[in-house]
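Number of protein chains: 2
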Amino acid sequence: MHIFDQAIQLIKQSDGLSVCKTTPEYQNMVGPYGGALCAILLNAVMINEKRIGDPISVTVHFAAPVAEGEFEVKATAVRTNRSTQHWLVELIQSGEVAVYGTVFTGIRRETWGDGESRFPVVPAPETITHGFHVTLPWTKAYDFKFIEGGPQVSPLEGKPSQTRMWIRDEPPRKLDFVSLSSICDSFFPRIFLKRGYRVPIGTVVLTTHFHVSQEQIDQVGDGHLLGVADAKTYGKGYFDQSSELWSKEGMLLATSHQMVYYKE
Amino acid sequence: MHIFDQAIQLIKQSDGLSVCKTTPEYQNMVGPYGGALCAILLNAVMINEKRIGDPISVTVHFAAPVAEGEFEVKATAVRTNRSTQHWLVELIQSGEVAVYGTVFTGIRRETWGDGESRFPVVPAPETITHGFHVTLPWTKAYDFKFIEGGPQVSPLEGKPSQTRMWIRDEPPRKLDFVSLSSICDSFFPRIFLKRGYRVPIGTVVLTTHFHVSQEQIDQVGDGHLLGVADAKTYGKGYFDQSSELWSKEGMLLATSHQMVYYKE
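In order, the protein sequences belong to chains A and B.
The first sequence begins at 112 in my numbering and counts up by one.
The second sequence begins at 112 in my numbering and counts up by one.
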């Protein structure tokens, strides 16, 4: 079993309730990597037999640290309509909610469509050797290839904090919504780029929007995705961070938006 | 009392539970204007005596239509830390959750800060006469002044769907987080601009991030805000829409990101 599938594995108990446990491969500085937690919450909806349609939006609140070991995940369909569904998902450890969030799923149908955001002109992943050289376990669970705005640059104060990178699971794994939700949190904090060094940070809430159907994501495969991240403003202890994830063929798969606490 | 304060008025019942009712001034095509519903949910947190800090993130799921009349609003502090708090808020009508969401509040402290998004060069609101001429009640509760991408333009297919507008409450009202959360939903759907006509739409989920403290928002006053909205992609029944709200002095107050259902 792939390390990612081990990390998100939910053992069903009763209606909507599952048991899960942390795995060493997705550990971050304190507790599990946030992307893995997003994936676990989304997975609780994906495996629920009452689910209608594909995931379209996921919002996750990182309310408290998750300790190593077991926890419960509870997915509740708050409201079910004919072709859409609104969920609440809670991660409970030692009797307290540590992480929680909401998910929206809906049946996607053929409609008129158009892309406004354009796939940038970038060098192919095979040509990039600039990786991620940090010791945090979760960073080894991905293959990072930085095109610009990598973690080893000089301070960018006064300049935009954009990062462009190729990324895929390491070892490679066929993309699905759950792994994509995790990849959406894989951009290191923009403030590290702005300041040129690490400052204490923590994402407090992250929202991911999916722009493709199950059928479309099934076609992406296990290759690198193009990730683009930036931020709009930093002040009074919080900054925002947004990302785009594209297939190599230029399909916008997901966007994400988060608020991050910092101390500086 | 200002019509907005009437619309968001919550009558406290027991711990975290309030009663509210729809008002004619903020009615939309079907049920209340979504921004007013966001404001009501956020207001339930703002008036809660257990609240810690300023609102930083609000996510609202529009799960079912809200009928004219009374409803209950329930705000629950899911997790309270030393200087941050994570909330769940539910709007219940006829015993069912129609709208629900999550709120993050936190104490904002002096830190290093920087803006990346730049305030655009735009004509002053006094020079703009291009308003909103639709009959929906809620549009009369705002003064719209369109700089570009107004609702009366020709189809934009293949071009970006950006709107820039000045907006304030009508009659004027001193800005606060609750009214700002409502204004974040005031941009008409980007697909109307792309197609050049109205198609059936409905926002399913909207996230608002606040970038200012209580002290900063208190200084904005009752003048026009600059609003900028755009979208990244449209397909298979859903599109995304993002906005920025700026004070006239060039302070980025809030950003919002939503997913919108459409039939076309």
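Hint data in this document are derived by calculation from the structure and do not stem from the laboratory.
Among these hints, one or two may not hold up.
No copy is singled out in the list; a pair is fine if it fits within one copy or between any two copies.
Unchecked claim - Taking lysine-lysine and the BS3-like style, the derived pairs with C-alpha atoms no more than 27 Å apart in a straight line are: (1) Lys251 to Lys161; (2) Lys359 to Lys132; (3) Lys185 to Lys161; (4) Lys161 to Lys374; (5) Lys123 to Lys374; (6) Lys359 to Lys285; (7) Lys123 to Lys185; (8) Lys359 to Lys185; (9) Lys374 to Lys132; (10) Lys161 to Lys132; (11) Lys359 to Lys123; (12) Lys251 to Lys285; (13) Lys374 to Lys285; (14) Lys359 to Lys161; (15) Lys123 to Lys285; (16) Lys374 to Lys185.
Hints and how they fare:
Neither within a single protomer nor between protomers do lysine 251 and lysine 161 lie at most 27 Å apart by alpha-carbon distance, with minima of 35 Å and 42 Å respectively. Taking identical chains as interchangeable, the C-alpha atoms of lysine 359 and lysine 132 are never at most 27 Å apart, the minima being 33 Å within one chain and 50 Å between chains. For the homomeric pair lysine 185 and lysine 161, the shortest alpha-carbon distances inside one copy (13 Å) and between copies (26 Å) are both at most 27 Å. When the C-alpha separation of lysine 161 and lysine 374 is checked against a cutoff of 27 Å, the pair qualifies only between copies, where the shortest distance is 24 Å, while the shortest distance within a copy is 42 Å.
For a Cα distance limit of 27 Å, the shortest separation of lysine 123 from lysine 374 qualifies neither inside one copy, at 39 Å, nor across copies, at 36 Å. Proximity of lysine 359 and lysine 285 under a CA criterion of 27 Å is satisfied intra-copy only: 14 Å inside one chain copy versus 48 Å between copies. Proximity of lysine 123 and lysine 185 under a CA criterion of 27 Å is satisfied intra-copy only: 10 Å inside one chain copy versus 30 Å between copies. In this assembly of identical chains, the alpha carbons of lysine 359 and lysine 185 never lie at most 27 Å apart, being 35 Å within a copy and 45 Å across copies at closest.
For the identical chains of this complex, lysine 374 and lysine 132 are neighbours neither inside a copy (30 Å) nor across copies (41 Å), given an alpha-carbon limit of 27 Å. In this assembly of identical chains, lysine 161 and lysine 132 lie within 27 Å of each other by CA distance solely inside one copy; the values are 24 Å within and 32 Å between copies. For a Cα distance limit of 27 Å, the shortest separation of lysine 359 from lysine 123 qualifies neither inside one copy, at 35 Å, nor across copies, at 53 Å. Proximity of lysine 251 and lysine 285 under a CA criterion of 27 Å is satisfied intra-copy only: 17 Å inside one chain copy versus 50 Å between copies.
In this assembly of identical chains, lysine 374 and lysine 285 lie within 27 Å of each other by CA distance neither inside one copy nor across copies; the values are 37 Å within and 31 Å between. In this assembly of identical chains, lysine 359 and lysine 161 lie within 27 Å of each other by CA distance neither inside one copy nor across copies; the values are 33 Å within and 48 Å between. In the homo-oligomer, the alpha carbons of lysine 123 and lysine 285 lie at most 27 Å apart inside one protomer (24 Å), although the nearest pairing across protomers, at 51 Å, exceeds that limit. Taking identical chains as interchangeable, the C-alpha atoms of lysine 374 and lysine 185 are never at most 27 Å apart, the minima being 32 Å within one chain and 32 Å between chains.
Hints 1, 2, 5, 8, 9, 11, 13, 14, 16, counting from the list given before, are not met by this structure.
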